[in-house]
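Let chain A serve as the given structure and place chain B on it in line with the hints.
Protein chains: 2
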Amino acid sequence: MPEDPPAPRGRKPARGEPVVDRALRLLAAFREKGDALSLGRLSERAGLPKATTLRLARRLAEWGALERTDDGDFVIGLRLLEVASLSPRGHGLREAVLPFMEDLHHATGQHVLLAVREDREAVLVERLSAHRAGTVLYRVGGRIPLHATGVGLVLLAHAPADLQEAVLDGELSLPDEPQDLTADELRRTLARVRRDGVAVASLRRPEAMSSVAAPIHDSRRAVVAALSVVAPTASVRAAALAPAVVAVARAASRALQRDGARTGPSPDRFDG
Amino acid sequence: MPEDPPAPRGRKPARGEPVVDRALRLLAAFREKGDALSLGRLSERAGLPKATTLRLARRLAEWGALERTDDGDFVIGLRLLEVASLSPRGHGLREAVLPFMEDLHHATGQHVLLAVREDREAVLVERLSAHRAGTVLYRVGGRIPLHATGVGLVLLAHAPADLQEAVLDGELSLPDEPQDLTADELRRTLARVRRDGVAVASLRRPEAMSSVAAPIHDSRRAVVAALSVVAPTASVRAAALAPAVVAVARAASRALQRDGARTGPSPDRFDG
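Top line first, the protein sequences correspond to chains A and B. All residue numbers for the first sequence refer to the UniProt record's numbering, where the first residue is 1 and numbers rise by one. All residue numbers for the second sequence refer to the UniProt record's numbering, where the first residue is 1 and numbers rise by one.
For reference, chain A alone in the conformation it holds in the complex (with noise of 0.2 Å):
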């Protein structure tokens, strides 16, 4: 089947997709939890004049993509949650993986994180941590980069070869380090994550904290995310919890592998 060219800009193409490219731009003006945008405010930051914006959000909050709250802001909507949850690589890999998340978690009473790889950085699939945990982490759909953290550097080592070759061409700054990584470095880690089995990663500001992550395997032994440990340096030493994380990885491995949780439909219960 022949593909469709992109539409060059300034034309107005055939068949109206721009359309649903304008609706999804609407979509991406959504940047922090809880955002609540005005009308100019979506417009300004979709790009679009404001009586487009009105036509589509309306469209869209009809469906229950969007929501308005009592004043009149636009919201990101329920049904988007829905509709999400059906994804295999994020909710699906979650519902396997998530009780052994619960071990880790009830075990070391730390931040317990699972991500997945989205082209070039790690996105979160799933987080838990405990009211006493500290430092409030990356939220549940957020992106995190590959080279700067526990579950990236697993991701990233795992990674086909000439991605990683771009990461390594690429900007490799460390948040609140004066000096970037440097590609030998990064490319020297990497190798003693695949030797191991395990990554580690530590950053000292706002507050000293080490990440400890092992990849999780899908039934062809393709690494398919990542789930780490993420403690104060201050209390925990990361190589005290590197035998937890591995062993429940490949736990929640096996668990995938049984289940073909990634792909697989699975049916609704119900319940009281």
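Heads up, some of the hints might be wrong.
[Stated by the list, open to error] Quick look at which bits of chain B chain A covers, simulated, 3 or more residues with Cβ under 8 Å:
1. 27-33
2. 55-66
3. 101-110
4. 156-170
[To be verified] Taking beta-carbon pairs under 8 Å as the criterion, some of the chain B residues facing chain A (in silico):
5. V20
6. D21
7. A23
8. V75
9. L128
10. S129
[To be verified] Some residues of chain B that are not near chain A, with every Cβ distance over 10 Å (derived):
11. R94
12. E185
13. A191
14. A239
15. V246
Keep in mind that the hints were calculated from the coordinates and are not lab data. Quick caveat, the model's predicted, so the values are computed rather than measured. Glycine is no exception: its CB is placed at the ideal position from the N, C-alpha and C atoms.
Chain B only, in chain A's frame:
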């Protein structure tokens, strides 16, 4: 500003909005967790010609709302999870309440559910279940009947009067029960839920389970969500769970009121 009238059937309406509706219909074609649809199946479910389906599905895939598997099937994409995670009523609420759900899960060892009302149904926003806890419950993002579940009864008891009447006038069947609920029975149950601050629902099949649910209030004292513990009737008396569920729902309400988490954006921080 004037309302856009809905486009009448069979007329080609101006300004292309129906393209957005068609795109949304593609998303709505996914129903089961992990659904992977061939082009043919997707076009059939969406009720759109194959060529239109392919064109729109490609647009959605380019943006990340859909993804393609190795077999060429379409699945819901991770990008939707990223956007959905910004929903104040979904993940915003979830982030505030999750630590309290973990407490309850930890203390009882049973399933813990968090749901919100969406028109005449409840939507499951979060669920914690241990490997040991048996029966698979509703999935996150799935819909639950208001009149037949613990969380549903709490949400219905505090819903606007006209919505309650609409539900009372509607179909009140109970899953796997020969007799429907009567409107009078349900009315009495709702009065009891409002008086006691707790709802109990039971079912006998596929396994005897009881659900004990309590409301979560926002800073305006509106009931914005319901929290429940679901346990096998054989092992746990519902009455024994009520104090824990009620106490934790109150604690979660306070946290939600403090955070303003239902609508307020919160800054993301870096983790290791």
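With a cut-off of 8 Å between beta carbons, are at least three residues of the stretch 27-33 of chain B near chain A? holds (count 6)
How does the coverage statement for the stretch 101-110 of chain B fare against chain A, requiring three or more residues with Cβ below 8 Å from a Cβ of that chain? holds (count 3)
Per-residue hint verdict: A23 (chain B), partner chain A, C-beta under 8 Å: Since the shortest Cβ distance to chain A is 5 Å, the answer is holds.
S129 (chain B) as an interface hint toward chain A, with CB separation required under 8 Å: Holds, because the Cβ-Cβ distance from S129 (chain B) to chain A comes to roughly 7 Å (cut-off 8 Å).
Is the nearest Cβ of chain A still more than 10 Å from the Cβ of E185 (chain B)? Answer for E185 (chain B): holds, closest chain A Cβ roughly 16 Å.
Whether A239 (chain B) stays farther than 10 Å from all C-beta atoms of chain A, as the label says: Answer for A239 (chain B): holds, closest chain A Cβ roughly 15 Å.
Hint check: 8 Å Cβ-Cβ cutoff, V20 (chain B) to chain A: 5 Å, holds
Test the statement that R94 (chain B) is away from the interface with chain A: the closest C-beta pair must be farther apart than 10 Å. Given a closest Cβ separation of 8 Å, the condition is violated.
Let's test the interface hint: is any C-beta of chain A closer than 8 Å to that of L128 (chain B)? 7 Å, holds
May I ask you to check that A191 (chain B) keeps its beta-carbon over 10 Å from the closest beta-carbon of chain A? Given a closest Cβ separation of 20 Å, the condition holds.
Under 8 Å is the threshold here; is the Cβ of D21 (chain B) close enough to any Cβ of chain A for the hint to stand? 7 Å, holds
Hey, does the V75 (chain B) contact hint survive, CB to chain A under 8 Å? 5 Å, holds
Checked against the numbered hints above, the structure breaks hints 4 and 11 and satisfies the rest.
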